[in-house]
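The hints should help you fit chain B onto chain A, whose structure is shown.
What follows is each chain in one-letter form.
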Amino acid sequence: VKYLDEYRDADLTQKLLAEIKGTVTRPWTLMEVCGGQTHSIIKSGLDRMLPAEINLIHGPGCPVCVTPLELVDKAIALAFRPDVIFTSYGDMLRVPGSTRDLFAVKAAGGDVRIVYSPLDALKIARDNPKKTIVFFAIGFETTAPANAMAVLQARAQNLPNFTVLVSHVTVPAAITALMDSPDVLVDGFLAAGHVCTVMGYWEYEPLAERYKIPIVVTGFEPVDILHGILDCVRELESGTCQVRNAYARSVTRNGNGPAQVVIRDVFEMTDRAWRGIGVIPMSGYHLKDELAFFDAEKRFPEVQSIDTHESPLCISGLVLQGRKKPSECPAFGQQCTPQTPLGATMVSSEGACAAYYRYGRYANH
Amino acid sequence: MCLGIPAKVIELYETNGLKMAKVDFGGVIKEACMEYLPDVKLGDYTIIHVGFGLSILDEQEAMETMELLKQIDALGAEGIAA
Numbered sequence: 001v002k003y004l005d006e007y008r009d010a011d012l013t014q015k016l017l018a019e020i021k022g023t024v025t026r027p028w029t030l031m032e033v034c035g036g037q038t039h040s041i042i043k044s045g046l047d048r049m050l051p052a053e054i055n056l057i058h059g060p061g062c063p064v065c066v067t068p069l070e071l072v073d074k075a076i077a078l079a080f081r082p083d084v085i086f087t088s089y090g091d092m093l094r095v096p097g098s099t100r101d102l103f104a105v106k107a108a109g110g111d112v113r114i115v116y117s118p119l120d121a122l123k124i125a126r127d128n129p130k131k132t133i134v135f136f137a138i139g140f141e142t143t144a145p146a147n148a149m150a151v152l153q154a155r156a157q158n159l160p161n162f163t164v165l166v167s168h169v170t171v172p173a174a175i176t177a178l179m180d181s182p183d184v185l186v187d188g189f190l191a192a193g194h195v196c197t198v199m200g201y202w203e204y205e206p207l208a209e210r211y212k213i214p215i216v217v218t219g220f221e222p223v224d225i226l227h228g229i230l231d232c233v234r235e236l237e238s239g240t241c242q243v244r245n246a247y248a249r250s251v252t253r254n255g256n257g258p259a260q261v262v263i264r265d266v267f268e269m270t271d272r273a274w275r276g277i278g279v280i281p282m283s284g285y286h287l288k289d290e291l292a293f294f295d296a297e298k299r300f301p302e303v304q305s306i307d308t309h310e311s312p313l314c315i316s317g318l319v320l321q322g323r324k325k326p327s328e329c330p331a332f333g334q335q336c337t338p339q340t341p342l343g344a345t346m347v348s349s350e351g352a353c354a355a356y357y358r359y360g361r362y363a364n365h
Numbered sequence: 366m367c368l369g370i371p372a373k374v375i376e377l378y379e380t381n382g383l384k385m386a387k388v389d390f391g392g393v394i395k396e397a398c399m400e401y402l403p404d405v406k407l408g409d410y411t412i413i414h415v416g417f418g419l420s421i422l423d424e425q426e427a428m429e430t431m432e433l434l435k436q437i438d439a440l441g442a443e444g445i446a447a
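If you read the sequences in order, they're chains A and B.
195 is the number that our numbering gives to position 195 of the first sequence; each next residue is one higher, with no gaps.
To convert, count from 1 in the second sequence and add 365; that's our numbering.
There could be a bad hint or two in this list.
Claimed, not checked - Straight-line C-alpha distance at most 20 Å; calculated EDC-like pairs for lysine to aspartate or glutamate:
(1) Lys-435(B) with Glu-297(A)
(2) Lys-298(A) with Glu-268(A)
(3) Lys-21(A) with Glu-237(A)
(4) Lys-2(A) with Glu-396(B)
(5) Lys-123(A) with Glu-396(B)
(6) Lys-395(B) with Glu-237(A)
(7) Lys-406(B) with Glu-396(B)
Source of the hints: derived by calculation from the structure; they are not laboratory data.
Here the structure is a predicted model, which means the values were calculated and not measured.
In isolation and in its complexed conformation, chain A is listed as follows:
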């Protein structure tokens, strides 16, 4: 397939690995922000092929993983209601809430449906006028334009039975929080290519300057990831800290203008709690006041204060900040497996723990 195969080329991968090896002179810790990149790195084995000087740590870019437990519990409470059809991206269904997950609600008779696109949830709203449809609108900036369009379309198509449970977060705020923490581990960032496809990378320029840290916009295939690492290592070795774009076929400095307009029409910035990490100021979106009619939390105000219980064994918050690797967790592969997950990072297709488990990174190497 065009735009995939050539970025999985084994010879080019070896060439890039050799170039990285020839460039690096001392240890560097790089964080790939996006969980999709983490999975690509572990699946292709790049973590085992890179020179020992390069330590890749895994970032918080997994929306399923950082959706706060309180919202997962709210989702579960809403999904139990007989007057609700609960719709969600599939990844969310196996995320453990305080006592159960959404699959358990479905098994117990709740109407929980997996959708591929928020437009599918709109169709369900059209087809079921007597039910209230709750769509779990989670995601980073990549997903925000799609979720925002669904809200605008619900208004345009007069679908008052459509609501969204919003848990939207943004990457620059996460980078800021990581860099403001007292013991910064990261020397350079690989920024998330599809977040930047939407938002561009101009937002990262002041961050690179303020924290004196290179940030390289990076794609998802092995060649893309090595290209990002090489650019980042070149910056570090030369003592510079620019924002570079190693995913230029999809990303421009300004990003997708029409998508940003719709995000701004629907959402505004707000403080958000990140599961395992805590509240990060101005780190996400909520619906603007004029669209509050579509807010599931306002439509069902009785589903408010929920007592949450996080597993005391789970260290996913440390994993999401790159402070621990999954294999360093005592529960990893023991009490915590994809069948019996203690945290969302073990079940999400972008969770670092899931990648380590699936591709056999059981111990440090």
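Relative to chain A, chain B alone:
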């Protein structure tokens, strides 16, 4: 979640006032919304995420990047062979 997959636009049309397309993921055909790609044309490759086109892949940029990567000196490669 931020998974975006390249797909070729093979048909453009309108549904409920939205610009839509049939897109081809190497043989699997799906529908996607093109509202965020006002300039999209038949035959363009786009990044599709949760049923929305987010970018038109830039062939010129892709070629230039590939050339640059392929020109990387083989100096390091000798290191691996050794």
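Against the structure, the hints:
For a cut-off of 20 Å, the pair hint linking Lys-435(B) to Glu-297(A) is broken: about 52 Å separates their Cα positions. Among the hinted pairs, Lys-298(A) with Glu-268(A) is consistent with the structure: their alpha-carbon atoms are about 16 Å apart, no more than 20 Å. Note on Lys-21(A) and Glu-237(A): the hinted pairing holds, with a Cα-Cα distance of about 12 Å set against a maximum of 20 Å. A distance of roughly 19 Å separates the Cα atoms of Lys-2(A) and Glu-396(B); the hinted pair therefore holds under the 20 Å criterion.
With a CA separation close to 14 Å, the supplied pair Lys-123(A) and Glu-396(B) stays within the 20 Å bound. Under the criterion of a C-alpha separation no larger than 20 Å, the hint pairing Lys-395(B) with Glu-237(A) is inconsistent with the structure, at around 45 Å. For the hint linking Lys-406(B) to Glu-396(B), the alpha-carbon distance of about 15 Å falls within 20 Å, and the restraint holds.
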